[in-house]
Every structure is written in structure tokens, then in C-alpha cells.
Amino acid sequence: MFKKQISILLVVLLVAIFAFTGCKSTATTPSGDTATPVATTDPTVGGILYDYSSGDLDGFDPQSGTSLLLFNACRQIYSNLVTVGYKDFTIMPDAAKSWDTSKDGRTITFHVRNDVYFGDGTKLTANDVKFTFERCFDPNGPAFSSGVVDYYLSPAKIVGGQAKMDAKASAVSGIKVLDDYTISFTLEQPFAPFIQILAIPSFGILSEKAMKQMGDTYFAHPVGSGPFYVKEWQRGSHILYAANLKYFKGRPALDAVHVDIVEDENTQVLKFEKGEIDALQPPVAQYDELVKKYATNVYKTADMSYYRIDFNLKRKGPLQDKRVRQAICYAINREQILDKILKGQGYLAKGIFPPKLPAYTSDLPGFSYDLAKAKELMKEAGYSNGFSLEMVMRSGKMEDEHLAFQEALKQIGITVNLTKADSATYWQLLGAGETDIAYRNWYADYADPDNFVTPLFHTGADSNMGWAKPEYDAIIDKAAKMTTMSDRIPLYQELEKKLIYQDVVQFPLWHSITTVILNPKVRNYYLHPSGIVTYYPIYLVR
Amino acid sequence: MISPKQDKSKTVGAPSATVPEKDEELLAAESEAEARQTSMITDIWHRLKRHRLAMAGLIIIIVLILTAVFASVIAPYSYRDQNLDQALLSPSRDHLFGTDQFGRDLFSRIIYGSRISIAVAFLPVIVSVGIGVLLGAISGYYGGWIDLLIMRMADIMFAFPSLLFAIAIIFAIGRGILSLFIALALVDWAGDARLIRGQVLSIRSKEYIEAARAIGMSDRRIILRHVLPNCLAPIIVTASMSIPGVILTEASLSFIGLGVQPPTPSWGAILNDGQRFIGNAPWMALFPGVAIFLTVLAYNFLGDGLRDAMDPFLKN
Amino acid sequence: MRNYIIRRLLLLILVLWGVTLVTFILMHVVPGDPAKVLLGKLSGNEVLVTKLQHQLGLDKPLVVQYFEFVKGVLRGDLGNSYKFKAPVMSLILERMPATIKLTFGALIIGLLIGLSSGIISAVRRYSVWDTFSMAFAFFGVSTPVFWLAMLLQLLFAVRLGWFHVSGFEGLRDLVLPSVTLGLIYSASIARMTRSSILEVIRMDYVRTARAKGAPERIVIFRHVFRNALIPVVTLIGMQFGGLLTGAALTETVFQIPGVGKLLINSTLDLDYPMIQGGVIFVAIIFVLINLLVDILYAYLDPTIRYD
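Chains as they are written, first to last, in our numbering: chain A, 1 to 542; chain B, 1001 to 1316; chain C, 2001 to 2307.
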């Protein structure tokens, strides 16, 4: 999943439950236990949480994109078949109360609850679920080009899905409604992460009836079955989520959440200082001062993310020589950049997989900062006179790191020509592979190593950087079919070594840490490793 | 019409000996006209010299231009070398204007930045004002269909906020310093045109214009000698007041990526960078702002002084 | 005069047509494909790009696209934004109130401070007041918007707590952004007013009026003021339009859902329908303002004729 903006809503990680409330400011990682459902039996029910977002939505259509912003919004207002815990990716029932997997592992049957209601009062049935997924596979629908199908559904290979996308069928044969509250999905072959995929906010269940009535206006006034509903949305100004008092898991503690759309960093800080918002992700520029000032209310979490520098292997040029790419890997002082520019919000990466992801291992060579070695490699490759490379960057996002990389590479004779572009142009250039190197990141959508390899390295994935190889595809496909994690892990680790140390297609930089400062009255504001905040468990101490 | 103090000894050169065909009288008339011309300029210069503020402005501008030209000599540090351990230092003897988040010396960056910013403050503004004045004068003076046509074109230009139009132009031509300048020069003429037209409309009906026309002066001369000079004041004001606008438009364009590319500095770009750090490193935004302020001031003073100096010549 | 006004209004249609034509040409001359922009990181996928282009109607010949658009406009339908998938008309209209309020607020403050400051400066030339207000004018013009904005936010919203830091949920929220913009605009208004008055004061016809024995006040108001106001009125007209469309930075800092930011973003996003729609709106406003200004000219200076 791509994180398009840095300052976004995040959830604080409270490590243990109550006993550890004294310990903050440690880069703790999620404990992996199942999150407790809502605990709202105490008198702190009610009140409005004031949160903010650094960007506005285009609409509340969960299938229209894969940005963190959209995920955050959809998580509050829609139910999925299954969902994840507050602090980790443990799967929990949501609209489906249970599910069975067939013996061959290819068919999963979900039993939908019979007490879930949409905002307009209609009951959620298996038909709504089918409707939602059929829409995903609609070749004229948004999911087709937004990445939702490409990243999440295609790897699962639901029977009949491709046929519908190719316009050869009008419905997906592999999705069957067995009765009002039972629905089954049949895959071409077993796919271990399938159930986890269903928890992604892209698959929030839509109301068939409401969509037929409202058409496209549905997504300006979404009808969902989640713990909140959109009471008010003033584009460019704010979103007001109000509590769904009839939520099947029990009403949320909060009465409402008011999300201000604040793009300007300075304004965000001022608002927090004044108390107009209750949570703040400290902008890097003012990080030190803010963390010092609010020391007792700072919370951090390790994201399940992967930041790296991509090498374009398609374009002719010095980068095609592995030694040059290795030289780049030794020429950048990641530690200093992480420390001085990102204020320590990350830890150095040796490979693709972040800690806590199955398949993570620290048993990798890693790249040290070694200028002499870098120059040596350049010389070996015959480029002691240097050359120039193109690098695109987005205005306003992660700019400082780009400049730091530019300067670092100058030390070994590489002139990096930075092309600063607006967001739209940036994604275009990247999508077309019109850059030699790029600074990118990837955030986990679900806790399976497949999520880190298929969307990035498999043939047909978005990158136009010339990485895909049949050799990699073979490993990825093989691992995807297996069902036991312990069998799959060695395969992924082998792939990781190939990609990074043998073929050097990317240069792993770091895995990020997210920091949030909270108003002391806010409780249960969890920072999830995916970056999503769930408002449901939050309550205010008044 | 002109009553300068004619000082022929300073200005007249000997009549050319290589043009034997020309009439003696004509030659004499030519050189007299030349003399009047050049001595008018010297007179203006004399008057200007006495205007203290204008001189101050002129000196500042010369200093700025020199800074831009000799940037590599004057600047103590490179504009791009980073030193992360020296980030965000407040102004000191080592770093006169402090350092930015990369530890780059701000003083040096502002010096190098003057290259782009001074050029931006002069060239596009002059072109843009030139276009605007010309079109506005023609439009106001001739009126009728010409007026309608030009002003409607101006209306169309107004429909596009200058930033949008600049973006479109740069997208079309391709990024780069040249397209930046072209874009900045082309987008803002409509305002000046309207301004001048308004002035011209008001002057056109005055008696002395009627008189000039009565004695058979050509339209062109009337515009050049009577109408335009009386518009000088608003021209100077808009030209000088539009400098920060142009610099800031350049800053916005650079922010989006359509202006200068990093790490090349311009005052606008440095200003942009400084925005995030205004809370903890205000010098980053302060000094480019001061630089812009000085430029505006200088331009204004010089402009005002020039107008004052030319005043007696305009009255008639 | 009435005929003139009618003629101008009829020409408004011509201008709008010209605007749409120019916009259309510009957009298609500018390299870039809205389909690719929408697809973002997936824009390398040729199949998807072609599909989306077809969906958006981009594969039709340009002339056809243009005529379909014009037909739509005549029906009052500006099409749907590519990005927001909602009607352009309603997207713009829902942001207009904010922009209009901000514009008026800024204009009022700008006029109050600018005009008075400029007049006093001119009449009391070279006095302390003159120096002070001209210095203020220069500062005002050179100050970056975000500086001033943050200063005001810090002082009045955080320290004194009189206003919200940002937002647009009540008239009170307008004060700080209006003051920010107003102060900056007042600077050029002051300067222009002062210099214009000084110009006019030197003119012969003013001397004549004085010689005729008219009281100073009448001289100032009837002769000087009206003529001097012409360039000022032009300036204000332009600023009004500029405020309506260009206050993007202020809108960002103060979190105001206005038209300025919408237009800039749609240009960068190559959201053709939105750009077209936005430009048309702006064109209408400007044409009307300019008409108003031209009428004001005639009022201020009765000798002005439009043939």
C-alpha cells in the first residue's frame, strides 16, 4: 500500500494494556496479541475527538484508490467481512461471524451476521457482499484502474474474476451467494493471505440498494455499516463522523470525530498547541522542539513499512552495471540522514521485510557506509569520472531526503539531476519508468510477505523499472500457493537475498517509525503498523 | 519646448567629414537635436543625482547586480554543500545568515540566489510592463473597436490567474530557466494594460491633447510625447510593486517544480524552504524576505527619483 | 452610456467563447494526458490508459470534444470533474461563498487602510506619517503571505485566543485571513493612491482651480480626488479578481475551502472539465468587474468618452 502523504492520521501504540502507561517514547513494536474489543462500560462515553488530516478526500469510494487517507476514512464507516486488531494484523470477525475453508483450501465460506444494518436501516446480507465484489471486478468500475484489483484481488485469483474483467463474463462465477447470510469464494488455487486481504478497507461492504438508488452520489453521502457515518463533509474544510448508535458491536464511546483538513504544517502545530486538535504528528521541521515540550504525551510505533531507493534497470546506462548500484549502496550515510533529517524516526533496513513481518530476518549482510569502497566499485566498473542520473521528486513530500541523497552521491562522482514535479506529474513519470532512481516507500496492507513482493516485483506489477524476472515470478507464485507459513518463509527469504544482494534491484534504506503527540484526555488512540487509525475504541477522559 | 541648459561644449561632436552629400543646414540641425537630446539626458542625470533616495536606490541596485555577477567570488561557502551536523544554526560570525536544515550557509545561498531573483525582478517585469503599456496606450487612445478588442483580450488573460497561465506555458515549453522567464514575462501584461488605458482615457480628453492634434501632430508623437509621460507615475508604481509578486510567483512555480530545480537557490525558493522552519529557525525566511524588500525599495526609490527628475520635461 | 453597457454585456458572450477556446487550446497544447494523471502510478499500463481515455472521451477528435463541451455549457452543464467525479458546477459553487467572503473582507480592510493611508501620505507629503506609511507599504508588499499569516495566528489565535487558528466555520474565522490579505493589498493601494494624488496635484487644472479661489477641500475632493482615483480603481478591480482566484496560499494556511486552491490543483491535475469550468467562472467575474470599473471611470472623470 502506498503512503502518499507523510503527515497523516496515525494511531498511538500503547504497548501493553494499562500497566505500561508510564512508559512512553520507546520504539516499541506491537505485542501481537489480539486486541480487545470496545471497553466502554465506564462513564467516559461521549464527547468529540478533534483530529486532522493533511489532505482531502476525493470521495468515500473504497475501491477508488489505495491511499492511506482513503483507507482511514473507509475503516470508520464501512464494515468488512473480517477486520484486523487495533495494534496488529490479527484477523478478527467483522460482518462475518465465522468462516470455513474447504479441504482443498480453495473455497472459503463466510457466515454473515444477521444483525448488521446499513445507515438507511436496511440489513446487510450476502447479496451486498456479492454486489461489492462484483463491482470490484467491473471493467468499467474504479477498482479496475485504481490498483485495488491489481494489488489485492488479482494475486488471489478468484475463479471467474479475470473473465469478468476481460468482459467475457457478466458476473464472477467464483463468488456464490448460498443464502441470505452465506457467501463463498472459490479460488483457482489456495492463497494463504486471502482472508487477510478481505480486511483491507478497500473491501468495505457497500449497500446494493442504496447504490442503485443514489448512483454516484453515494460516495459523497456514503451508506455504510461501520461504527461511524459521515454526518457532514465540507470539501477542503472538514469531515464530521458521527457515532452509529446501532453498531452491531456496540456504539462507539465517542459521539463524533471532527476531522479538520489542514495541509499546512505550521497551522497543524498551532492548532494543537491551542487545543483545537487533540492529536498531532509532529512535522519533522519542528520535531525536536515539540517532542521536548510534550515529552509525557509522545507515542511512537514501528510501522510495517519499507523505504528504499529503486534502481531503474530498463534504461540503458551505468546503472545496468551491478557494481555501480552497489557503489550507490555504500555511498549514502543512511544513519546520518535518518538521524538528522528524519529525526530518528526509523531504523536501518537490511532487507525488504520489516521486523514483525513473517519472513523478516536480521541475518543479512547489510550495507555499511563506506565511501572508499563505493569509489573502488565505481572505479572497477570504469566510472571513476562519474556520470549523471535522473531522479524525480514530488514537491512538498520527502524533499529533504532527496536533496541529501543528491549530495551524498556527488561524493562518488554521480551528478543527480533532480526533477521536482507536482504530484500528478510525479506519479506519471514514475509509472512510465522515466527516472533512473527513485526514493519510494511501501506500507503493509496485511501481514504477509506476499504483500511485499507481489505488488513490487511480480511481472505485471506497477513498476516500470525493469525488475521482473521469470525467476522471481516462479518463487513468488510457488510461495503464494502454499498454505503453511513456515514452508513459505524460506522461499521469501531466498527471494529477498536474490533481489537485494545478488541482483541489487533496490537499496533498502529503513523501516519507519511514526510519532504522535496526544492530548492527555485521549485514550485508546492506537497507532496501527499500517498507519490506519481506528476511532472506534477511542474514548475521552473528561 | 525643452528648456534645458544647453551646454554644447560637452555634447556636440564634430560634424562627420565622411558625409559630403548632406546639406550643411541639415547637419547643423541634426547635431543640434543630438545636443538637445544628450544634454536632456545629462540634465535628468544631474537632477537625479540630487535626489538622495533615488541615488540610494540606484546604489542598492548596482550592488545587487554586482553581487549576482560576482557571486562565486563573494560567497564564502558553496550553495549546495551539505553539512548535516551544522544544521539550523542561528546567525553567527561563521555563518552570517545562519544555516538551513542541511547545514548549508544561508548567506552564500542568498548571494547565489540573487542571480535568479535579480534577473527575475528585472527582465520579465520590464517586458511585461512594456507589453502592457503599449497595448494599454493604443487601446485607450484610439478607442472604438481597437479598445474593445484589446480589452477583451485582456479580459481573457484575466480569466487565467497568472500562476495558472504560467504553469500552462511552462508545461508547454518544457521546464527550464528560459521558459520560467518567458512565462513570467507573458502572464501579467493585462493589469498594466488596463492601468495605462485608464490613464490614457483620462488624459486623452484634455485640452492640450486637442491642441496638439489641432496643430497636426501625428498620433504616434502625441502618444509618445504627451500621453505616455503622464502615465509614468502609475507605470513606475506598478512595475516596482509587482517585483515581489513576480519573485513570489517564481517561488510558487519552483515549489511545484516548474521553476528552478533544487539545489539551485533563488530567493523565492529559499523563502519556501524557510516556511516549514519558521517556528524554530526564522532566519531562513527572514533574510530572503529582507532581500526582496530591499530590491522593491530600491526599484521604487529609483523610479520615483527618475520621475521627479524628468518632471520639468514632462510638463510641457 | 446605456448602449455602451449593453454592448459590453453582449461582448461578454464573445469573451466567454474566447476564453473557452483559449483554454481548450492551451490544455491540448500542454503535454500531458489526464488519463495518465488519474492512473498515477499505474500510468505505465497502456491498456488501462487507453481504456480510461475512452471512458473520458479523450479519444474523440478535438473539434468534437470542443463542440460537445460548448453544447454542454449552453445547457448549463459544465461536465464532471475527472478527479472528484462530481459536477464541476456544484464543486465550484460550493466553494464560492468562502472565496467571496474572504475577498470582501480583504478588500474592505485593504481599502480602509490603503486609501486613508495613501491620501494622508500624499497630502502630508514627506511628513513623519508619510515616511511611516510608505515604509509600511513596502513591507506589506514584500512580506510573504505565510509569514504574516503565521504571525497573526500565533499572536491572535494562540497567545490571545481571540480566534481559531484556522478553519471556516463562522464569520469570526474570516477575520485573520482577511486581515492577512487585506494588509498586503493595502500596501499597493496606499502606494498607488499616494503617487496618483501627487501626480494630479501638480497638474495645471488643479492650479487653475486654486487660482480661481476654490476652497482647498473642494479642490481636493472634486478635482484631485476623482482624477487620482482612476488608476486606484483599476488596481482595486484587478485585485478583486486576483483575490477571487489567487488566494490559494492563504486558503491553504487558514484551511479555507475556496476557489483559488481548487483552480491551481486542477491545473496540475489536468482536470480538464474543472479547469474549463473554473476559467469560465473567473472570466465572467472579471468581465463584470472590468465593466464596473470602466463605468466608474466615466463617473469619476466626465470628460472620458467611450465613443
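Calculated from the structure, these hints are not laboratory results. Source: prediction; values computed, not measured. There could be a bad hint or two in this list.
[What the hints assert, rightly or not] Dumping the calculated DSSO-like pairs for lysine-lysine here, alpha-carbon to alpha-carbon at most 30 angstroms: (1) 168/A - 2101/C; (2) 1206/B - 2212/C; (3) 209/A - 2083/C; (4) 212/A - 2083/C; (5) 130/A - 2060/C; (6) 249/A - 130/A; (7) 130/A - 314/A; (8) 209/A - 2051/C; (9) 314/A - 2051/C; (10) 2101/C - 212/A; (11) 2051/C - 130/A; (12) 2051/C - 212/A; (13) 97/A - 274/A; (14) 322/A - 274/A; (15) 123/A - 2085/C; (16) 212/A - 314/A; (17) 2212/C - 397/A; (18) 176/A - 2101/C; (19) 2083/C - 469/A; (20) 498/A - 350/A; (21) 168/A - 2060/C; (22) 231/A - 2101/C; (23) 157/A - 2060/C; (24) 350/A - 521/A; (25) 397/A - 2071/C; (26) 2083/C - 231/A; (27) 246/A - 97/A; (28) 2085/C - 274/A; (29) 130/A - 2083/C; (30) 2212/C - 212/A; (31) 2085/C - 231/A; (32) 314/A - 469/A; (33) 469/A - 316/A; (34) 375/A - 350/A; (35) 316/A - 292/A; (36) 2212/C - 168/A; (37) 521/A - 292/A; (38) 209/A - 2101/C; (39) 168/A - 2051/C.
- Task: Just pull the numbers of the violated hints for me, sorted ascending.
- Result: 1, 5, 7, 10, 13, 14, 16, 17, 18, 19, 23, 24, 25, 28, 30, 35, 36 and 38
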